[in-house]
Amino acid sequence: MTRNLKSALFSALLVWAVAYPVLGLKLTIVGINIEVHNTSPMILSVIAICSLLMFVRVLFNQQLSTAWKNSPSLPKVPAKATNFLTLPSTQRWIILGLVVVALVWPFYGSRGAVDIATLILIYVMLGLGLNIVVGLAGLLDLGYVGFYAVGAYTYALLSHYFGWSFWVCLPLAGMMTATFGLLLGFPVLRLRGDYLAIVTLGFGEIIRLFLRNLTDITGGPNGISNIPKPTLFGLSFDRTAAEGMQTFHEYFGIAYNSINKVIFLYLIALVLVLLVLFVINRLLRMPIGRAWEALREDEIACRALGLNPTVIKLSAFTLGATFAGFAGSFFAARQGLVTPESFTFLESAIILAIVVLGGMGSQLGVILAAVVMILLPEMMREFSEYRMLLFGALMVLMMIWRPQGLLPMQRPHLELRK
Amino acid sequence: MATKQITKLFAAMVLAGFASHSFAADTIKIGIAGPKTGPLTQYGDMQFAGAKMAIEQINAKGGVDGKKLEAVDYDDACDPKQAVAVANKVVNDGIKFVVGHLCSSSTQPASDIYEDEGIIMITPAATGPEITARGYKMIFRTIGLDSAQGPAAGNYIADHVKPKVVAVLHDKQQYGEGIASAVKKTLEDKGIKVAVFEGVNAGEKDYSSVIAKLKQANVDFVYYGGYHPELGLILRQAKEKGLNAKFMGPEGVGNESISQIAQGASEGLLVTLPKAFDADPENKALVDAFAAKKQDPTGPFVFPAYAAVEVIAGGIEQAKSEDPAKVAEAIHKGTFKTPTGNLKFDAKGDVEDFKFVVYEWHFGKPKTEVSPQ
Amino acid sequence: MPDIYHFFQMLVNGLNVGSTYALIAIGYTMVYGIIGMINFAHGEVYMIGSYIAFIAIAGLTMMGLDSVPLLLTAAFIASIVVTSAYGYSIERVAYRPLRGSNRLIPLISAIGMSIFLQNTVLLAQDSKDKSIPNLIPGGFTFGPGGASEVIVSYMQIVVFVVTFLAMLGLTLFISRSRMGRACRACAEDMKMANLLGINTNNVIALTFVIGAALAAVAAVLISVQYGVINPNAGFLVGLKAFTAAVLGGIGSIPGAMLGGLVLGVAEAFGADIFGDQYKDVVAFGLLVLVLLFRPTGILGRPEIEKV
Numbered sequence: 001m002t003r004n005l006k007s008a009l010f011s012a013l014l015v016w017a018v019a020y021p022v023l024g025l026k027l028t029i030v031g032i033n034i035e036v037h038n039t040s041p042m043i044l045s046v047i048a049i050c051s052l053l054m055f056v057r058v059l060f061n062q063q064l065s066t067a068w069k070n071s072p073s074l075p076k077v078p079a080k081a082t083n084f085l086t087l088p089s090t091q092r093w094i095i096l097g098l099v100v101v102a103l104v105w106p107f108y109g110s111r112g113a114v115d116i117a118t119l120i121l122i123y124v125m126l127g128l129g130l131n132i133v134v135g136l137a138g139l140l141d142l143g144y145v146g147f148y149a150v151g152a153y154t155y156a157l158l159s160h161y162f163g164w165s166f167w168v169c170l171p172l173a174g175m176m177t178a179t180f181g182l183l184l185g186f187p188v189l190r191l192r193g194d195y196l197a198i199v200t201l202g203f204g205e206i207i208r209l210f211l212r213n214l215t216d217i218t219g220g221p222n223g224i225s226n227i228p229k230p231t232l233f234g235l236s237f238d239r240t241a242a243e244g245m246q247t248f249h250e251y252f253g254i255a256y257n258s259i260n261k262v263i264f265l266y267l268i269a270l271v272l273v274l275l276v277l278f279v280i281n282r283l284l285r286m287p288i289g290r291a292w293e294a295l296r297e298d299e300i301a302c303r304a305l306g307l308n309p310t311v312i313k314l315s316a317f318t319l320g321a322t323f324a325g326f327a328g329s330f331f332a333a334r335q336g337l338v339t340p341e342s343f344t345f346l347e348s349a350i351i352l353a354i355v356v357l358g359g360m361g362s363q364l365g366v367i368l369a370a371v372v373m374i375l376l377p378e379m380m381r382e383f384s385e386y387r388m389l390l391f392g393a394l395m396v397l398m399m400i401w402r403p404q405g406l407l408p409m410q411r412p413h414l415e416l417r418k
Numbered sequence: 001m002a003t004k005q006i007t008k009l010f011a012a013m014v015l016a017g018f019a020s021h022s023f024a025a026d027t028i029k030i031g032i033a034g035p036k037t038g039p040l041t042q043y044g045d046m047q048f049a050g051a052k053m054a055i056e057q058i059n060a061k062g063g064v065d066g067k068k069l070e071a072v073d074y075d076d077a078c079d080p081k082q083a084v085a086v087a088n089k090v091v092n093d094g095i096k097f098v099v100g101h102l103c104s105s106s107t108q109p110a111s112d113i114y115e116d117e118g119i120i121m122i123t124p125a126a127t128g129p130e131i132t133a134r135g136y137k138m139i140f141r142t143i144g145l146d147s148a149q150g151p152a153a154g155n156y157i158a159d160h161v162k163p164k165v166v167a168v169l170h171d172k173q174q175y176g177e178g179i180a181s182a183v184k185k186t187l188e189d190k191g192i193k194v195a196v197f198e199g200v201n202a203g204e205k206d207y208s209s210v211i212a213k214l215k216q217a218n219v220d221f222v223y224y225g226g227y228h229p230e231l232g233l234i235l236r237q238a239k240e241k242g243l244n245a246k247f248m249g250p251e252g253v254g255n256e257s258i259s260q261i262a263q264g265a266s267e268g269l270l271v272t273l274p275k276a277f278d279a280d281p282e283n284k285a286l287v288d289a290f291a292a293k294k295q296d297p298t299g300p301f302v303f304p305a306y307a308a309v310e311v312i313a314g315g316i317e318q319a320k321s322e323d324p325a326k327v328a329e330a331i332h333k334g335t336f337k338t339p340t341g342n343l344k345f346d347a348k349g350d351v352e353d354f355k356f357v358v359y360e361w362h363f364g365k366p367k368t369e370v371s372p373q
Numbered sequence: 001m002p003d004i005y006h007f008f009q010m011l012v013n014g015l016n017v018g019s020t021y022a023l024i025a026i027g028y029t030m031v032y033g034i035i036g037m038i039n040f041a042h043g044e045v046y047m048i049g050s051y052i053a054f055i056a057i058a059g060l061t062m063m064g065l066d067s068v069p070l071l072l073t074a075a076f077i078a079s080i081v082v083t084s085a086y087g088y089s090i091e092r093v094a095y096r097p098l099r100g101s102n103r104l105i106p107l108i109s110a111i112g113m114s115i116f117l118q119n120t121v122l123l124a125q126d127s128k129d130k131s132i133p134n135l136i137p138g139g140f141t142f143g144p145g146g147a148s149e150v151i152v153s154y155m156q157i158v159v160f161v162v163t164f165l166a167m168l169g170l171t172l173f174i175s176r177s178r179m180g181r182a183c184r185a186c187a188e189d190m191k192m193a194n195l196l197g198i199n200t201n202n203v204i205a206l207t208f209v210i211g212a213a214l215a216a217v218a219a220v221l222i223s224v225q226y227g228v229i230n231p232n233a234g235f236l237v238g239l240k241a242f243t244a245a246v247l248g249g250i251g252s253i254p255g256a257m258l259g260g261l262v263l264g265v266a267e268a269f270g271a272d273i274f275g276d277q278y279k280d281v282v283a284f285g286l287l288v289l290v291l292l293f294r295p296t297g298i299l300g301r302p303e304i305e306k307v
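Residue numbers (this note's numbering), protein chains in the order written: chain A, 1 to 418; chain B, 1 to 373; chain C, 1 to 307.
In isolation and in its complexed conformation, chain A is listed as follows (with noise of 0.2 Å):
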């Protein structure tokens, strides 16, 4: 007992060390010098009972801990439910479901839900791109928003100086990329583990700080304006068209709708996400995508079965560079602008969150995944400036609550009866 009362102590005087500094003291700029006073007593008393409850509720661990256990747990998600749910067959009928609503919708959606759905679909292709990389081949990569940025700055610097058009330019952007995944990827892929880690992230840091500071080529920090949107076969969705061009509305000889550009960007996104899926899900069978899993594995066995380690992780990178390069080129073309703080390490970060939150390997884990991370912040624009404070503490939530990721990846395989 008194073991625990000291613990308990101890854990409410922490409540008041990490608490009052921070929320009840409050550096104030008074003319040119700073004060500091006490914040409301609203703020001090809040405190005080955090520290009370966390007093009792180390004190009294033991019992505490029997009595949730003895507690009706809430109901739990059932064992079979979840194997049921992460079996592959299952998820390739819930991804096909997810399709032909994700057609659908759009149609009776708003503005602002297409928009957001795009962004959506632009973060599960990134998402899809980086867990061929870090979820299949187990390379850790901080530095993924380079390739995404590569990608964007490639449309974006060849339809601002020659002017060519979001079709040609997007296999372009696959391949630049995929040829700056090849150049990167072939130095640093014997680090191991997070060594390789660092490198990727310095590499990302550095495209981005060379895109803001070579002024001349990509603008700098003012970026790259008025990229043209995409095109159907030649038609625009703006209001009037450019010189030459026809726009959508007069050729079909309907009203302007400015919705329409937003379905028809969105109908993009989804092609492209589905192209993705499909690349991977193929690849996934052919024996280079096994060889990714068996890299991750174990590195050492693959290489005792004959399989050439840098070859495969070079496939993976380059591969997964490649999607990200699509995915930039679409997201210059949805924004109309590209800037290099678009590109940060945060960006990096979250794109990893999506691939770890949604268990790594899994392809409709990765989509849940992407809905979730980029769908919070914006439900939680009503909370406004608490916006982001929550958005961390629930990525730290979610991991506890799952930290084998939403769905996690799931090989076909047999249970022996018990």
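It should be emphasised that the hints constitute simulated quantities derived from the structure, not laboratory data. Please note that a few of the clues may not be correct.
[Said to hold, decoys possible] The list that follows gives simulated cross-link-like pairs (lysine to aspartate or glutamate, EDC-like), each with its CA atoms no further than 16 Å apart: (1) K261(A) to D116(B); (2) K193(B) to D220(B); (3) K333(B) to D346(B); (4) K294(B) to E35(A); (5) K241(B) to E149(C); (6) K67(B) to E56(B); (7) K293(B) to D126(C); (8) K239(B) to E149(C); (9) K326(B) to E115(B); (10) K184(B) to D159(B); (11) K52(B) to E70(B); (12) K26(A) to D126(C); (13) K261(A) to E117(B); (14) K67(B) to E115(B); (15) K261(A) to E115(B); (16) K246(B) to E360(B); (17) K229(A) to D116(B).
Start from chain A and add chains B and C according to the hints.
Positioned in the frame of chain A, the structure of chains B and C alone reads:
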């Protein structure tokens, strides 16, 4: 195709229903969009403070045409991606008047949507010239352009300071680099060579390398394009490292915080500021109102944001309508009396004749005007 | 010979920045050495430390106590106590429940924690930069003057001395004390240490506390030297310090010290040669180069492949 058309028609009707609903309400909603999270929050806070104060004071006087104004906040974190989402949300919410956005990079993609949807946007902070250079009708700004401020500073340096060795620094951001390039160009046109032209990393603390470089080049005049936190640090470190040079900056540095950060080193700093603002005796009451709310009125975007709301209110009054197209027309035609002066907009939506005056900063004392330009 | 003076001035400035990187880098490297995770929230701990230092200094100044040694001591003590509490609590809340799961899980949790802490301070202390006057003005000047002089400010000397003492203390603690031995044992083999009766949970908590305390030392030094703090300062400094830790060989304490100094000096000279805007490119470029030739950092132990 036919069913699609019907559904779309239906959607449009619903939307129109929402829109007319918001027209029928007794308040006029004004969206304020800017960063409330992320590294640029402190500039966003200036904009929100200014715009909200204006809305409050207009409402205290009885509102616009008997209708109260209502502020609706949107956080874009100065991220272009989120700015697009915010703009779409503004469209969804049926708001017709927007004050914002703050950063040029988020203003630009958002303005595409506002123009497309017929929403009036007045930015009090985004200074990138290309924002108003695209022939848009609904986009305005109540702050001077980089391209106007740069030459004003450059001419003053060339005509009055006549330094021996000049350095031009900037913070590698849209605003800072834009102004710094304009200053450099003006100086070079006047035959003054710029010895050092370099970007520094915004958000860092240590600028000793760049100061050592300036010292090695025997620089006696430094123009800095950027905001006050970085210049404050540079001034402070320059003094410590014995760099004897005169410093000058744009309106982004010209607020009380620079004295707070640079302390004694802010003495003698030259700043180009739009004429009047917080020092104008006419604005005394307003400054006091900010002080009563414990807000700082000296930030570079507080008064332009205040003015933006006044322009919207004035536009609605002069157009005698809340139809954004008519209001936009009225704004293009009219003249508006605001704390930042009598604003008149040109065809692009920029303020006409935005005058900059050079002030000299004094530590612990009010700034003094050094050149009526 | 102004160039020689310029060279030495850059060297002094570089070492100054580098020593603060080194202090923060130790926090990354110790945590990594023991539980093998990258603690991305460490930069925010540093940022909180700088706020506490300012609160202590401003509070005492308001009470009329303005003797510099007293202010500095108070800032150090307050900052160390509070950040230690943060280090401990972060580990307890965000990482301990995740022990034993895939190593990427705590990484994401750490990023979430970092966003959370940064926004807490942003909301509680508002977004404005806060600053204090120079506490220790002046310095030594060497050389004839003008462009040909090297200025070493008193504050820089304080930074060097305090960093040296902190490093010395840490080294003695790790090599001589009982707890230090336990730390090393855990870094070597966690399971074995546990079997031998070492309370590994306590040791892990201790590494977080020590890391946080050293970050607090760096926070006080940096914030007093530059005199300005804001809620966003943690991320960039954290990233640099992490780079320094990897450069020196992550997991190795002398490596973190060396990595910090090397990175600081490289940045100073890189900024001088390529321009300040390329400073970070130089830092990351150096990291990539070093890792290409020494895949485990300057002082890192070569990884032994276990089957």
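Here is how each hint holds up against the structure:
Of the pairs offered as hints, the one joining K261(A) and D116(B) holds, with about 11 Å between alpha carbons and a cut-off of 16 Å not exceeded. Only pairs whose Cα atoms come within 16 Å are accepted, and K193(B) paired with D220(B) is accepted, the gap being roughly 13 Å. Among the hinted pairs, K333(B) with D346(B) is consistent with the structure: their alpha-carbon atoms are about 8 Å apart, no more than 16 Å. Using a Cα cut-off of 16 Å, the hinted pair K294(B) and E35(A) holds, with the two alpha carbons roughly 14 Å apart.
For a cut-off of 16 Å, the pair hint linking K241(B) to E149(C) stands: about 10 Å separates their Cα positions. Of the pairs offered as hints, the one joining K67(B) and E56(B) holds, with about 13 Å between alpha carbons and a cut-off of 16 Å not exceeded. At roughly 15 Å between alpha-carbon atoms, K293(B) and D126(C) fall within 16 Å of each other, so this suggested pair holds. Annotation: proposed proximity of K239(B) to E149(C) holds, straight-line Cα distance about 14 Å (limit 16 Å).
In summary, the hint linking K326(B) to E115(B) is supported, as the alpha carbons are separated by about 14 Å, within the 16 Å threshold. For the suggested pair K184(B) and D159(B), the alpha carbons sit about 14 Å apart, so the restraint of at most 16 Å is met. With a CA separation close to 9 Å, the supplied pair K52(B) and E70(B) stays within the 16 Å bound. Under the criterion of a C-alpha separation no larger than 16 Å, the hint pairing K26(A) with D126(C) is consistent with the structure, at around 9 Å.
A distance of roughly 12 Å separates the Cα atoms of K261(A) and E117(B); the hinted pair therefore holds under the 16 Å criterion. Taking the CA atoms of K67(B) and E115(B), the gap is about 25 Å. The hint is violated against a cut of 16 Å. With a C-alpha separation of about 14 Å, the suggested pairing of K261(A) with E115(B) holds against the 16 Å cut-off. Proximity of K246(B) to E360(B) is assessed by CA-CA distance (about 11 Å); at most 16 Å being required, the pair is judged to hold.
Our distance criterion of 16 Å between C-alpha atoms is met by K229(A) and D116(B), whose separation comes to about 14 Å.
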